[in-house]
Structures are given as structure tokens and as C-alpha cells.
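Novice: In case you want the letters, here they are:
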Amino acid sequence: MEKLLNEISEIPGVIGSCIFDKNQGMLCRKFDVNLPRDLTDNIGINFIRLLQMASMNKLDIKSAQFRFDRYWLIGIPLQKGIILLAICDLHANCSLVAATAAMLMADMLNELDEPFDRPQEGTSRERVSFRQQEVLPNDSEDIQLYFAEIENALAAAIGPVAKMVMSDYVYKWIQDAPPSVSRLPELLNILAEEIEDPTLIAEFKSQLKHLF
Amino acid sequence: MRQKGIPGSGLIGGVSLSSFLQMLEQERKSCTLVVSSGGRQGSFYFDDGILVDAQFGNEVGQDAAYKILLWDNPALSVTHSEDRMRRIHLPLAHILLDSAKQKDEKDPESNESPEPESASESFLDDSAEPEHNDPARRRFIQAISSIAGIKHYFLLNRQGKMITQSSRKLKIGDFIAYCIVSGIQMRKVLDVKGPSRIQLVLENDETILIVPGAGMIIGLLIDEFTSVNEISDKLGNIITSR
Numbered sequence: 010m011e012k013l014l015n016e017i018s019e020i021p022g023v024i025g026s027c028i029f030d031k032n033q034g035m036l037c038r039k040f041d042v043n044l045p046r047d048l049t050d051n052i053g054i055n056f057i058r059l060l061q062m063a064s065m066n067k068l069d070i071k072s073a074q075f076r077f078d079r080y081w082l083i084g085i086p087l088q089k090g091i092i093l094l095a096i097c098d099l100h101a102n103c104s105l106v107a108a109t110a111a112m113l114m115a116d117m118l119n120e121l122d123e124p125f126d127r128p129q130e131g132t133s134r135e136r137v138s139f140r141q142q143e144v145l146p147n148d149s150e151d152i153q154l155y156f157a158e159i160e161n162a163l164a165a166a167i168g169p170v171a172k173m174v175m176s177d178y179v180y181k182w183i184q185d186a187p188p189s190v191s192r193l194p195e196l197l198n199i200l201a202e203e204i205e206d207p208t209l210i211a212e213f214k215s216q217l218k219h220l221f
Numbered sequence: 472m473r474q475k476g477i478p479g480s481g482l483i484g485g486v487s488l489s490s491f492l493q494m495l496e497q498e499r500k501s502c503t504l505v506v507s508s509g510g511r512q513g514s515f516y517f518d519d520g521i522l523v524d525a526q527f528g529n530e531v532g533q534d535a536a537y538k539i540l541l542w543d544n545p546a547l548s549v550t551h552s553e554d555r556m557r558r559i560h561l562p563l564a565h566i567l568l569d570s571a572k573q574k575d576e577k578d579p580e581s582n583e584s585p586e587p588e589s590a591s592e593s594f595l596d597d598s599a600e601p602e603h604n605d606p607a608r609r610r611f612i613q614a615i616s617s618i619a620g621i622k623h624y625f626l627l628n629r630q631g632k633m634i635t636q637s638s639r640k641l642k643i644g645d646f647i648a649y650c651i652v653s654g655i656q657m658r659k660v661l662d663v664k665g666p667s668r669i670q671l672v673l674e675n676d677e678t679i680l681i682v683p684g685a686g687m688i689i690g691l692l693i694d695e696f697t698s699v700n701e702i703s704d705k706l707g708n709i710i711t712s713r
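Chains as they are written, first to last, in my numbering: chain A, 10 to 221; chain B, 472 to 713.
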């Protein structure tokens, strides 16, 4: 673990870093200067509480950075109740510190013998496309291409609302079962029912007959 | 809401952009209307039939709306509504009328936007935003509203009580106040001054920037494409020019 913390401490401007557990306190630390343990514990618990407060407000925090007159304090949640803390001088590149920590996160958790289980919120429909990519299997690229084709055909039938309708039904389709090309006819039939006009339904199905 | 389209195009047959905008207003829709023309793309944002914002590139509000309205042969597409800061305070009919006038007066080939002469006036209209009675605060809100990368603002007094916020959905006033309290606790431990700035990067790459000022606490939700340092610099300029 010290090796991983060293990688962060080597970034210019980083004074030191440590991993703090809400229940066990400081798990490991790497500081160039001698900071009292109760100081880092105190800061660690403040960051943990801040993340708890964020969670209560449905905010998913990737990193928290506090700028003081002499330091930047950076907190990065590794897992529930465990954070990486870095203290940097004012010239440090904070986003680089956060990015490096994110890159090392999996290794750190492995060393802590904890499963990598970052919370993945995502119930809002605005995240549908992101979740589509997350859950799509090996033929995901094919499916994405088909989605675009289906959306175009739907737009020809129902106009500008096609994107919104498509998004709603794809979301439901993914919820029902794992997405696959073989399940596309199921999606197409549901979408066809939304068109209402028999002529336009026929045109829609004809345009996408290779997918049925 | 469902309209029969022109096969293969996704356009609504025989309906102009202005007519479609009016329809969204009349039907009190909450949605985003994406307009495309000649490789450009812009958006109109509706909340319960009210046009609250528009965006084209780095331009937002009425400036963006006027520009988009000048586009020829626009293709339209409707997507889900977004919780947008209200940057447009003029009625849609007024904007459409202004745009039509400008279109008539200007060279039809020109893509210059009309001067948004009424934008600041409408912003200063107390009936539109009754909570902005303090002229300095109104100017401040007007200044931060013109920055495209800022999605929402949250202004709290020094006691952590919300003064005003632009988001209709996000209720993070207490959380912003807690961040300040947390920063003060860390300050005591470290024996330093501040915090002068708090940045919280969210999982969706948006950032909450919190700046405790002399008169109030400023919270800004910044989109994922904009540099926080850039916004912080602009904010510094706005604060010092108040």
C-alpha cells in the first residue's frame, strides 16, 4: 500500500497522503512532514461525514477539495467509510492528484482486501444511454447502431418525440431482460404500438424488416 | 404531443420552428427542443410551457434563442426536460416578435443575432423574480447567469440560510452550508485560514463550487465541460467589480 501512496506523493506539490477508515482510523500513511495522527484522524472523519451528508442529499461525490491559505486538502472516497486523503501545497495540480487516485483505486482496494464496490446510482432516465452502454453485452456496438437506425425509422413515423419515446422504451426493454440483438423484435413491436396509424406502422416495420 | 412526421426526416410537416415553440408553450410541456440546421445544434428548454433557457455553443439565454430562431430549415427533435437555470424572462411571444422584426430588418442571409436590448431590462423586472430586490444581488445573478458553464447558482447568507437558488429540483442549501462548517472545522485542526474555495466533483463530472464571500456563500453547479478554474476566475472578477 505504501508503494501506491508513494505514487501519489510523487506528484509535484503533494505533501502527503493517507487512507482513512471510519471504523479503524488511519490504515496507512505517507507524509514528508510529521503530522500528528490525531490531526489526520480529525480531517479524515470530517471528510467521511461530508460524504455521508452528500449521500443524504443524493449527491455522488468523486472527489472533494478544500483550498486553504497554505494547503489544498483532497478527499477521494474509495469505498463506503474509507477515503484517500491528500494534503498538497497551493501549486499542486489537484485534478491530477484526483485522477491518479482514481487510477490506483482498484489496486488500493485489492490491497485492503475489500471488494471493489463503488455505488452506482443511475435511476434517472437522463442516464439511460449511459446505462445502456454499461449493461450491453459483446454485441453492444451492433445494438447501438441498431438503436440509431430504429430511432430514425421511428422519427419518420412520429416526428421529433421519437428520441424521448425510444429512450423510455429502451429503458424498459433493458430492465426486462439482458439486451441482445435477438430481443430487438420485442422492442420493435412495443414501439410499433406507439405509432397508432396503421400505414405508418407498416412503413416502420417495413423499414426495419431485417431486424424482425 | 405525438405528431406525424415527414418520412425519413424526423421533421414535423408544415410546422415552423416558431409554431412548434408556441405549441409547446400552449400545451405546457416540460421538455428540451433540439434544433439542428447546417451542422449547428441548439436547444430550447421548456418548463411547464415556459421557455426558461436556450443554448447554442457558449451562448445561453435570449442571445442563444435569437440566434437559433434565425436558422433556415431547422430540424426539430424533442427530448426530456432539464432542470435549467431560468435565463429567459421575456414571454415567448415577445421573443418571437423581436426575432421576426429583426429578421425583416436585417439581411436575410445574415446570421447576426439581434441586440438583446430587452434582456437586461426583463431581468431587472421585479415581478419576474420578486426575491431579487437587492440591486447588487440582481446584478450579481445577472452576471453569473450569463456564463454558459454554470448550470445553477445557490446563494446563502452567512448563517447558511438559502437566499435564492436557480434550480427548481436540487435542494442542496443545507449541504453547501455543511461544507462550509466542515471546512471551518478542518481549518481549526490545521491552524490555517480559509477555506477560500471548496470543489466537489460529482460522479457525472459536474462540479459544485462553493465560495464563501464576505456577504454571502456562493454555490455554483458547473457542467462537466467547463473548467472550474475558469469559472473561479470569472467569479472573482464579478465579485471584485460589485
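I should point out that these hints are in silico values taken from the structure, not numbers from a laboratory. Check each hint, because a few of them may be wrong.
[Claimed, not checked] Lysine-lysine pairs mimicking DSS-like chemistry, simulated, CA-CA at most 27 Å apart:
hint, chain 1, residue 1, chain 2, residue 2
1, B, K500, B, K632
2, B, K574, A, K181
3, A, K67, B, K632
4, B, K574, B, K632
5, A, K39, B, K574
6, B, K632, A, K71
7, A, K67, A, K181
8, A, K89, B, K659
9, B, K574, A, K172
10, B, K574, A, K67
11, B, K664, B, K632
12, A, K71, B, K659
13, B, K538, A, K172
14, B, K705, A, K71
15, A, K67, A, K39
16, B, K538, B, K500
17, A, K39, A, K89
18, A, K12, A, K71
19, A, K31, B, K659
20, B, K500, A, K71
21, A, K172, B, K640
22, B, K572, A, K89
23, B, K574, A, K71
24, B, K640, A, K67
25, B, K642, B, K574
26, B, K705, B, K538
27, A, K71, B, K642
28, A, K181, B, K572
29, A, K39, B, K664
30, B, K640, B, K664
Novice: Evaluate each hint against the coordinates.
Specialist: Right, here's what the structure says about each hint:
1. B:K500 x B:K632: Given that 27 Å is the threshold and the Cα spacing comes to 32 Å, the pair is violated.
2. B:K574 x A:K181: violated, 44 Å
3. A:K67 x B:K632: holds, 20 Å
4. B:K574 x B:K632: violated, 46 Å
5. A:K39 x B:K574: Answer violated: K39 (chain A) to K574 (chain B) is near 65 Å, above 27 Å.
6. B:K632 x A:K71: holds, 26 Å
7. A:K67 x A:K181: Status holds; Cα separation ~23 Å.
8. A:K89 x B:K659: Since the Cα atoms of K89 (chain A) and K659 (chain B) sit roughly 26 Å apart, the hinted pair holds (cutoff 27 Å).
9. B:K574 x A:K172: violated, 31 Å
10. B:K574 x A:K67: Cα-Cα ~46 Å, so violated.
11. B:K664 x B:K632: Holds: K664 (chain B) and K632 (chain B) sit about 23 Å apart, inside 27 Å.
12. A:K71 x B:K659: holds, 25 Å
13. B:K538 x A:K172: Given that 27 Å is the threshold and the Cα spacing comes to 24 Å, the pair holds.
14. B:K705 x A:K71: Since the Cα atoms of K705 (chain B) and K71 (chain A) sit roughly 24 Å apart, the hinted pair holds (cutoff 27 Å).
15. A:K67 x A:K39: Violated. K67 (chain A) to K39 (chain A) sits at ~32 Å, over the 27 Å cutoff.
16. B:K538 x B:K500: This hinted pair holds, its Cα atoms lying about 22 Å apart.
17. A:K39 x A:K89: holds, 22 Å
18. A:K12 x A:K71: holds, 23 Å
19. A:K31 x B:K659: Between K31 (chain A) and K659 (chain B) the Cα gap is close to 20 Å, so the pair holds against 27 Å.
20. B:K500 x A:K71: Violated, because 34 Å separates the two Cα atoms, which is more than 27 Å.
21. A:K172 x B:K640: holds, 23 Å
22. B:K572 x A:K89: Measuring from Cα to Cα gives roughly 58 Å; hence the hint is violated.
23. B:K574 x A:K71: Not satisfied, since the Cα-Cα distance of roughly 47 Å exceeds 27 Å.
24. B:K640 x A:K67: Between K640 (chain B) and K67 (chain A) the Cα gap is close to 12 Å, so the pair holds against 27 Å.
25. B:K642 x B:K574: violated, 41 Å
26. B:K705 x B:K538: holds, 24 Å
27. A:K71 x B:K642: holds, 19 Å
28. A:K181 x B:K572: violated, 46 Å
29. A:K39 x B:K664: Holds. K39 (chain A) to K664 (chain B) sits at ~24 Å (cutoff 27 Å).
30. B:K640 x B:K664: With a Cα-Cα distance of about 34 Å, the restraint between K640 (chain B) and K664 (chain B) is violated, given a limit of 27 Å.
Hints 1, 2, 4, 5, 9, 10, 15, 20, 22, 23, 25, 28 and 30 from the earlier list are contradicted by this structure; the remaining hints agree with it.
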